[in-house]
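Generate the whole structure from the sequences, applying the supplied hints.
Going line by line, the protein sequences match chains A and B.
By this note's numbering, the letter at position 416 of the first sequence is numbered 416, and the numbering carries on one by one without gaps.
By this note's numbering, the letter at position 65 of the second sequence is numbered 1065, and the numbering carries on one by one without gaps.
Some hints here could point you the wrong way.
Heads up, simulated DSBU-like pairs for lysine-lysine below, C-alpha to C-alpha not over 30 Å straight-line [stated by the list, open to error]:
(1) K199(A) / K1117(B)
(2) K1153(B) / K359(A)
(3) K1116(B) / K199(A)
Simulated from the structure, these hints should not be mistaken for laboratory data.
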Amino acid sequence: MVQNYVRTKMSPDMAPPATETGIIGWVMKNLLSSWLSVVLTVFGAYVIYLIVPGVVEFAIVNAIWVGKDGLDCRSIADGGRVQDGQAIGACWPYVQAYFSQFIYGRYPLEERWRVDIAMFVGVVSLIPLLIPTIPYKRENAIFLLGVYPFLVTILLTGGNIGIGNGAWGFLAILMVLGVGFVVFQAKTTQSIQISSGLKIVAAIGVAIAIVYLALGFDYGMLDVETPLWGGLLVTLVVAITGIVASFPIGIILALGRRSEMPVARLVSVIFIEFWRGVPLITVLFMSSVMLPLFLPEGVQFDKLLRVLIGVTLFSAAYMAETVRGGLQAISRGQYEGAMALGLSFWQMMGLIILPQALKLVIPGIVNAFIGLFKDTTLVLIVGLFDLLGQVQASFTDPVWSSPATSHTGYLFAAMVFWVFCFGMSRYSIFMENLLHRGHKR
Amino acid sequence: MAEAPKKSSSKKTSTKKSATKKSNGSAARAAEPAETQVKMTVSDEVAIEITDMHKWYGDFHVLKDISLKVNKGERIVICGPSGSGKSTLIRCINRLEEHQKGKILVENIELTNDLKKIDEIRREVGMVFQHFNLFPHLSILENCTLAPIWVRKMPKKEAEEIAMHFLERVRIPEQALKYPGQLSGGQQQRVAIARSLCMNPKIMLFDEPTSALDPEMIKEVLDVMITLAHEGMTMLCVTHEMGFAREVANSVIFMDEGQIIEQNEPEGFFNNPQSDRTKLFLSQILH
Ligand SMILES: Nc1ncnc2c1ncn2[C@@H]1O[C@H](COP(=O)(O)OP(=O)(O)OP(=O)(O)O)[C@@H](O)[C@H]1O
Ligand SMILES: [Mg+2]
Chain A
1 MVQNYVRTKM
11 SPDMAPPATE
21 TGIIGWVMKN
31 LLSSWLSVVL
41 TVFGAYVIYL
51 IVPGVVEFAI
61 VNAIWVGKDG
71 LDCRSIADGG
81 RVQDGQAIGA
91 CWPYVQAYFS
101 QFIYGRYPLE
111 ERWRVDIAMF
121 VGVVSLIPLL
131 IPTIPYKREN
141 AIFLLGVYPF
151 LVTILLTGGN
161 IGIGNGAWGF
171 LAILMVLGVG
181 FVVFQAKTTQ
191 SIQISSGLKI
201 VAAIGVAIAI
211 VYLALGFDYG
221 MLDVETPLWG
231 GLLVTLVVAI
241 TGIVASFPIG
251 IILALGRRSE
261 MPVARLVSVI
271 FIEFWRGVPL
281 ITVLFMSSVM
291 LPLFLPEGVQ
301 FDKLLRVLIG
311 VTLFSAAYMA
321 ETVRGGLQAI
331 SRGQYEGAMA
341 LGLSFWQMMG
351 LIILPQALKL
361 VIPGIVNAFI
371 GLFKDTTLVL
381 IVGLFDLLGQ
391 VQASFTDPVW
401 SSPATSHTGY
411 LFAAMVFWVF
421 CFGMSRYSIF
431 MENLLHRGHK
441 R
Chain B
1001 MAEAPKKSSS
1011 KKTSTKKSAT
1021 KKSNGSAARA
1031 AEPAETQVKM
1041 TVSDEVAIEI
1051 TDMHKWYGDF
1061 HVLKDISLKV
1071 NKGERIVICG
1081 PSGSGKSTLI
1091 RCINRLEEHQ
1101 KGKILVENIE
1111 LTNDLKKIDE
1121 IRREVGMVFQ
1131 HFNLFPHLSI
1141 LENCTLAPIW
1151 VRKMPKKEAE
1161 EIAMHFLERV
1171 RIPEQALKYP
1181 GQLSGGQQQR
1191 VAIARSLCMN
1201 PKIMLFDEPT
1211 SALDPEMIKE
1221 VLDVMITLAH
1231 EGMTMLCVTH
1241 EMGFAREVAN
1251 SVIFMDEGQI
1261 IEQNEPEGFF
1271 NNPQSDRTKL
1281 FLSQILH
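The structure is reproduced here in structure tokens:
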């Protein structure tokens, strides 16, 4: 039987019950929803109580903000100027005094504008690349990856790098090999055309020659050798070079390891397993102590350059395995769909497979980047002074010696590292959400 | 087994009959083709020619002695039990699988290891898969314009116009800016068909295009395929939709154990199968 019903009075909108919204609702739902979460909440609060007040006290409440040497951070009983009985926290004047050394190392004072320009240009061209809505991504990326590295090299070293006959000979050999490869491929597999292949080889040759000339040109700037570099500068140079260079190498290695060509697969597997099997410290030692033994007499290889190569290859091996994980998650159907449309191998990889695979492993990739950023501190072992090394070196300075100096220095270094790593982490989460929005079901 | 190609050529009469449907437009569609139209349109040009082709997966002999000739404008339906090698056969035609013996000619290009020729053939041969294989990270429109832009080097604007044209043809232009994950199975499969058509292929391969779909979506996909057939597209369809086979096929092939057991025009194939295996298969599938 049908019941007749007519609404005569409309029901007004009401606020949800207090248990659902507001602070109380949030607390009930997130902190106190069960006995276990009550216990965990209390425990968490206790841990916060143990740590946070102490840090705040040290870094802010009891901190010394002004002073001209270490005595300002010492109690009178200890030979300093601080009232006895007053708690002494962080010694910030020390960081202030050493700040520029932490950034530039022993880079000559009057040449530091070059570092400033390099960093400024880097930041200014990186930011628009990171913000998705800003156009000209391609041009921006070409500048950052194709021009900027050489600009920085010239600025920081001063250019005028002796491009010896060896380098030109290397270029000549490379060209001969390239031409040979193109002709051989064109004759045997017809997969490429001789004319277009030769054009590519010629373009690469011209590009390398331009780089040689640019690096070798005398700009009239003072030569600043890499042993003078230090601090955040070295940290950033090592980390950024490692990150940027290891990413494409890692992708190539991952593709190689999954390739159907036995030679490519074997080479990739050997490379990856070799570098993964060695600790980074060993790599650094080998590159700076052992490698010169193998090089012919008189051939010199900049120490920083050797470290850069070692770090890059080391992290490329890890990157390769991360990327391979992503590749494995892509179904065969995607490859077949792309092939059936007539896409070439590289188009298929670049347009279909890698975008999906890399998106899947963004957390892993950023993890590797963050790990690499922190691993740069190991360069201290071969005598390069990164940020942490520079901070530690300053502890020996008698002028700023005080009980709080080393604590303050480490706190400062930790904060700088944390800011960079946290930034990378947040950006990756932002990117993940952005890429997910489009095709989340 | 050398019987197969002969049969296929003897069936050319039926080929001609149905191919004329196209020239008469949809008016002639419902009517059975009249005998007088026999000589009218079917081209004697060969689209695909497979001779004595064999394929192995390791030691496993999947395809044995396959010979098959498909003329331009012909629609061929391939059926057979699971594992009989139907997918493998049509995947050999655009080199998603490699054959080890025999010869495959597609649009007069022989399939060898020559990558250039493989690319050339793939440009002319569209393929629709059971699981659609749309690219989930690209919008529907981008799925459709990708290959024209990168393979045919078409300007983006033009590619988008063509894509919209084909999306209208499969009746989902309003979905162009969505992503594949937001569409129903039937819609996704129609997008997959549109995506292939954007490359303006001469031949279309279908590998069980409806078998991953719910019944109510099967029809919308079949309708698109039927329209395509009436426009004279050369089609090879692996499908168990016998209604579709009856309506548009010139010829039905039955495969079992990697071999072509029987090939006939739909009437003869369904009403008067010759081989016992075919009879058994039909009795299972039709009832
Ligand atoms: N990559 C492969 N490696 C080894 N064997 C395979 C491979 N692909 C398919 N096979 C085998 O080859 C045979 C034919 O497979 P195919 O996919 O062509 O069958 P099918 O007729 O399409 O079946 P279905 O109707 O289930 O799709 C099957 O026995 C299958 O197990
Ligand atoms: Mg199949």
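### Query
When you check the alpha-carbon spacing of K199(A) and K1117(B), does it fall within 30 Å?
holds (23 Å)
### Query
Given the hint that K1116(B) pairs with K199(A), does the C-alpha gap stay at or below 30 Å?
holds (19 Å)
### Task
Given the hint that K1153(B) pairs with K359(A), test it: the Cα-Cα distance must not exceed 30 Å.
holds (27 Å)
When each numbered hint is compared with the structure, no violation occurs for any of them.
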